[in-house]
Every structure is written in structure tokens, then in C-alpha cells.
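Visitor: Residues per chain are reported as follows:
Number of protein chains: 2
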Amino acid sequence: MAVVRHGRTGNEGFRKRVVILGGGFAGIHAAMGLGKLPLDVTMVDRKNHHTFQPLLYQVALAVLSPADIAQPIRSILRNQPNTEVLMDEAMEFNLDRREIQLKSGAVLEYDYLVVATGSTHSYFGKNEWSKLAPGLKTLEDATEIRRRVLLAFELAERQMLETGSHPPLQFVIIGGGPTGVELAGAISDIAKLYMAKDFRHINPSEAQVLILEGSPSILAAYPPDLQKKAAEQLAGLGVKIRTGAHVSDVQPGYVMVGEERIDAVVTLWAAGVQASPLGKLMGFETDRKGCVMVDKHLNPEGHPEIFICGDLAHVEQDGKQVPGVAQPAMQMGDFVAKRIARLTAKGLGTDGSGIDRGFRYFDKGDMATIGRKAAVAKIEWPFKAHWSGFPAWMTWLVVHIFFLIGFRNRFSVFRQWAFTYLFFNDGVRLITGSQELSGWVTKEGVAAPVTAAPLDLGSPKSN
Amino acid sequence: MAVVRHGRTGNEGFRKRVVILGGGFAGIHAAMGLGKLPLDVTMVDRKNHHTFQPLLYQVALAVLSPADIAQPIRSILRNQPNTEVLMDEAMEFNLDRREIQLKSGAVLEYDYLVVATGSTHSYFGKNEWSKLAPGLKTLEDATEIRRRVLLAFELAERQMLETGSHPPLQFVIIGGGPTGVELAGAISDIAKLYMAKDFRHINPSEAQVLILEGSPSILAAYPPDLQKKAAEQLAGLGVKIRTGAHVSDVQPGYVMVGEERIDAVVTLWAAGVQASPLGKLMGFETDRKGCVMVDKHLNPEGHPEIFICGDLAHVEQDGKQVPGVAQPAMQMGDFVAKRIARLTAKGLGTDGSGIDRGFRYFDKGDMATIGRKAAVAKIEWPFKAHWSGFPAWMTWLVVHIFFLIGFRNRFSVFRQWAFTYLFFNDGVRLITGSQELSGWVTKEGVAAPVTAAPLDLGSPKSN
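Line by line, the protein sequences give chains A and B. Each residue of the first sequence is one higher than the last, beginning at 25 in this note's numbering. Each residue of the second sequence is one higher than the last, beginning at 25 in this note's numbering.
Since the hints were derived computationally from the structure, they do not count as laboratory data. Bear in mind that the values here come from a model prediction, so they are computed numbers and not experimental data. One or more of the hints may lead you astray.
Since the list can't tell identical chains apart, any single copy or any two copies may satisfy a pair.
To be verified - Capping the alpha-carbon separation at 20 angstroms, the derived lysine to any residue pairs in SDA-like fashion look like this:
hint, residue 1, residue 2
1, 221, 104
2, 216, 105
3, 127, 187
4, 221, 56
Work out the full structure: start from the sequences and follow the hints.
Guide: Shown next as C-alpha cells:
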């Protein structure tokens, strides 16, 4: 096993080595926090880009382009001379020797290890559903969802020409969390505002969007008044919601809720997530979703040199689990960078107590958009408030532009939104990838687009 | 066989039906020219978007996004009430009955048929090369080329870490026409200007770009003085050119020129094109490349109701064949629309002689860029001149923004170029699709990225 002494940029042999696995919000924030320290930092991600996940649904629904919300990790960290970026994947760990075996065959040694490999979809053991109901975690997922939604209209138009009728354009979204709600609002908007003018035979504004949510309410993490507002605003867009609906099967063209069959030209998955498998692979105690149980310094038990960040970490605060969204991930990354700075300033072995009181999530609030001009916002800082409708939507817009990494992206997204929302412009409704159109599956009268080359959503993201 | 009476928008049964196959420059221009006539027009394309092909290489080299240079065909033709768009593909023709069998199963009847299904890569019978040396015709091709070029740097970086050396970063472009020259200049720029700062272990500016051209000179269609200028400007970028070099084999990691083996981490194909197979399928006389021999009205022999446009048409003018590029395609589309207008105004059967003198290509000139700030331009109108260097490049910039379809695209491309060229910004260097990294093929010491999921470039574009 070749041991690679990576990232030596000076003071050979004297600088502590930090390896960060995962270039999401937590990993990038950790790396940026370590950028000016006398350490050697190696960021490992199997993709070459950081993705601004809160806007992924806008790529899926053809408002934004992939390049608007993603940035090469190398570019983000380019100006940190102490940091190197590796496009690779962790396969095995030797925690005693503090070594990581990468997929390429190289071995990385570390003094500190930050694991922030996030989460992926969970189909609750029904992995065969993944091709029928894609979820939304990566740019590739987003492009695939876009392809399916746009293709559904094209297929309906063609079937109308051939037979004079087409199956109901019902889009089913499994899961009523923020992603499900945002996808639902966006599909409804696309159908009613943008697609309506484009077809001669079908009426895209008759498209139906249905959210199937297993729990008693959508947006379970939000307070009841905002849940109610969100439901009202969705109803205003024509989106139907069924709560307490447990999906028992997903098939081409339909889903089953108990014994009831519900037609679906496109089914999307926004129901469950599971943590990256690395937590289990490293042998740490995990919760049901695979998140690693950590102490107040985000260390798994017995390993003060290892930090678990972002979605992969199970952090309890005030009796509740810190949610797996962007804000806590960023804050954990920032925390870990500071913690490593303290530990290395004092030398390894010092526990840092008295310096670090431990991680505490500072919740500024949560937001979810509902279509083109509404949202719900639970604001916690700088004041407490529950907003809905247009003011919440404007807040959402400003916050998301602000937090996008990279000026080019900020400008680009701003411009794109201005065009799309103010001028009702086209967005980027390109169907790329397989454009196979012969794949109607007609089962019991319902046709559904079958992907000729479905995205492989099989293996969870590991870094 | 169901006969679909398509696009009836009024005057049922009295309006002539025009079917256009192919939404490239020729087809779109024909459709736009027919937009206000009392005809029923159906545009059929197997993709949902029109692609501005002259800028495809900028998508391939990560300067522009796919959405910047493509526009949904439905959007382009949205405001023409007499036009419908079908995402489908012609499979069979019955010229006597004037019917087209589509892939979906529907049958289209026509009174006039415009066939503008363009061309695709020709590997001169070596179709197995297509996966090893992708060409550049579609957005998917462009994304695939981008993926391979960017991945080559990532792979070299990783191999450097593992073994302390990496195979020479030599990019080989087979074919020295405008596309080959533009790809070469762009790869050289990317390596030297943008990638150089991003890596710690390799030196991207040592990347080599080599053009292999079979004929005695690059840019064979250009006058000798501009060929020379182009070669000088390419040399200034460090691009090497070998003329009279006939490629005898393409393998992972290298190409063979005669008995000589030339290392190539990425091989790109810009050598040959062949026409869409529809010309042969319809039984018309074609040239060696499959282009349909047409008369002065762009009709194949014996079919005054059928028009062949764009790359698919073999048109001779002043003893030379009109080239298969954007300008003549647009002009043929315009011509056909006017011709159909004349014919239908007078009733079918009138040959239109005395009205139409026939198609004549009005050549305004040709341009090819060479990297970030140089180009060669053979200007024919409004004055004759041969330009090279920066003035030619500025001309290229202005002309291409002007001809882009859609204001959003124009604005977007302009902005992107301003960022990229003026501020040395990042462009959109995202690797999407397969990010498989375990695929080093080491043959005789040379490593090459092997695509885990290569693009299927097998079947030529048929509409």
C-alpha cells in the first residue's frame, strides 16, 4: 500500500494533515475555515463540483442551468495554497494507523479527518423504485427529472395526435417535505405558465400535481400555521395533497396507496434520505438513518481526531435532532475548522475543553418556496416571525442569491430569475440525454414514459 | 396505418400541408418563412431543441452552458399559429401517397415536404472509433467532450499523487477543419489560462494539443494566406499541427498514423461528416457522402413537392459545392419558404419558372476562431477582405451573438463571454455524467481515461 504524503507545501513533516471527505456545504466550509492555517488540507470528493442543493429543484424544473448552481471545488479552493483537491472516493479506513484507502489505490494519511459525505435517497429498502421515481440530490438527478417532466408533455402531445386522447398528465410527488413542496409548485407553474402556449393538441394547464405524504401534514418540520399556509398556497396553484398516504408500490405509470391505484405519468421521490454509508463503514455508532452519533465537538466516540459534519452527523440539541439541511451543515463545517485550529495551536492531545464549549446550531430559520411567487418562512433571526406568500418568497430569493458561492453564479442566477419571473421567459427547457420516445408502457390504460437509459441511482453517495 | 391529418387550424381540407423534417438552421428558417402563410406546417425533430452549432465547441470546452446555445423548437415557433411541433422521427416514406411513417406510429400526409435532417460524423467505416474519439454535433456530444477533457486533468493529478508521474497530457484532434481548429485553440487556452491555477501536482500548462490533418493544410476551405495565419496563430498557442497525417487506428490512449504511435489522453474527432440517411432512404440520387443531388429549386429529381435543405443537399454553384455550414443552410431554408409561398399562391403544379430563378448561395464569408483572442475571417460581404488575429476575433464575436436565436441566449452568451474573456472567469467546468475514475487503461505505459458510460454515437441523426 503506497502511502501518499499529500499536500506538502512547506515545513515538510511538521505540519498536521487534515483530510476532508465530501465537498458539500459542511466540507467546503471546513476547508475554507482551514485555508489560512499552517496545515496541509486535502479535500476529497468523487465529483469535481460543489452543488448548491437548495436550488437543485430549479434545475430540475428548467429554470436554472446546472452551471448556475454548481462550482468546481478546485475553483472554490483555488486561492488556498495549503489545500489540495482530489477527485476520488474513500473505500476503506484504518483508524488506528489514521489512513484512508482511496478508490484510485492511493492511501491518504491524516492527523485530523473531517467526514462530510452527506446523505442520499432512501427508498426504504425498495431500491427498485429508484429508477421509476428519481429523487433529487445531484445535478444528474436534476437533469433526469427535467427530462422526464418535459418528455411527459411531448409524449402526451404525440399520443393525442395518434389516438385523439392521452392519459391524464398527473405528476405524483412522493413526500411532502420542502423538496416535495418545491417540486410540486414548480411543476404546476411550468405547466400553467410556460408550457400552455407551446402545444397545439394537449392543454398543459390541465396537468395535475399530487403530493403523497405519509405523515398527517406536509412540511412536518414547520409550525402548524405555516403548514396550513403552505397547503393553501399549493391549493391555489391547483396542487393536490394527500396526507397519511403510504405508498405501497411504484410502477411505470402509477403508484399504489394501499389498494388504491393512482395514475402518474411521472413519479418523483422526495420522501426519505439515508446517510452516506461511510459512518457504518468506519464502525461508528449510527442512528436508524445511518447518521453517526457524535459528542458536542462532533467527534464520534473515542476519536477526538475525527469530525463528522453535515447530514452525516446525528446532533441533538434541546431535545431535537438538528435537521439535515444547508445551514447546520455550514455551521458544523465552520465549527470544525475552528476546533482544529484550537487543537493544533495547542498541539495534538489537548482536548480543548475550556476553549470550545461545543457545537451549537444557530437557527436563522427555514424557508420553502411554493411556485413562482409564494413561500413559507419560519424566521428565527434577526427576529422571530412566520411569513408566507410574496414577502416570504422575496426573502427566499435574496437569501439564496446571497448564499450562492461565486459571484458569477450569483449574477447568473439573479439574471435568470429576473428573466424567468419578471418576463415569463422560457428558462432552459432542454431535454438532453435519452430522447427515446417509443417507450410508452400501456398498462391498464395508462401510458408512461419509460426511460431508455435511466439514471443509475443505485449506490449512495459516499464522498 | 392511421393517417393523421395534422395541424388543422382552420379551413379544414383546403390548406396545403407542409411537413418539415429537422429543426436545424435550414428547417427552422423554412418554418419561420412559412409562419404567416395560409398553410399548415408541421415541424418534426427527434430532439426538443434547436442547437446553435457554431458555438457547440464552446460548450464542449466549458465556456458556455448547453442552455446558452440551444432553444426549445416549440419556443422558437410558438407564435406561429399555423405551425405545430412534433418530437418524433421519420422512419419510412411513401412518396407516391405523400406520406411519412413516424417512429411513434403516426403517419403524416404532406403536400410539400422539406427534408433538412443534416449530417453526422463519419468515421469512414470505422464506427468502433466513435466511442474512443467523439465528434461534436449535439449538446450531448459537447458535454461528453467536456467530461473527457476535464477528467484527463483530474486523472493526471491523481496519478501524479500515486506514482509521481503521469502520461503526457496530449490531446489529439483528428481533423483540421474549423471545428478541429476551434477545439484545439480552446483546449490550449483552458489548459494554460484556466486550469493552471487549479492543480497542485501537475502543470496543466504543459498540456499539448496536436491536430492531425490528412490533407496538405488545415482549414482546406480557406485561402492560403489565412491557412498560414491560422497555423501561425495556433503555433503561438503551442498547438502542433501535422498535415498529411492519415490516422490508421484509434485506440484507448493513443492513435496510429501509419506505423507511428501517438499518445493521446483524449482523442477528438473533427474529420469527416456524412449526410443523414434519409436521402438514401427516400431513394434519391446521392453523392459519396449521402447528400441528395438537387436541382436549382432544391428539388430531387422528379419531385417538385420535395425540398432538400442544408447539409443534406448537394448544391453546385460556380463549379464548387456549397459548403455544409450554417449560412447556406439558413439561406436554403429561406429560399424554400419563398418557393412554397409562390407555388401555393399559384396552385400546385405551376413550376414557378420566371418567378424563381433558383437558389443561389450568397456567401458573406467564413470565420474560425483560434483561442481566446484570435481568429481568421474570409469576408465576402459587405466588402472582400482577409482578416486574422484580434479584429477577426471581434468580428466573430459580434456576428455570432447577432445570429443566436433568442434574446435570452444572446444576452446570456454575451455575459458569459464578458466574464470569461475579460475577467478570466471560470466558465462552467462541471463534469457531469459518469465520473468513473477507476478506468485507467495502461497500455504500453500510457494511461487514458476510459468512459464508463460512453455516449452512443452510433446511429446517424435522421431528423
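Visitor: Hints first: check each against the structure and report whether it holds.
Guide: These are the hints, each one checked on the structure:
no.	hint	in the structure
1	221 <-> 104	between (49 angstroms within a copy, 11 angstroms between copies)
2	216 <-> 105	between (50 angstroms within a copy, 19 angstroms between copies)
3	127 <-> 187	between (52 angstroms within a copy, 15 angstroms between copies)
4	221 <-> 56	between (46 angstroms within a copy, 17 angstroms between copies)
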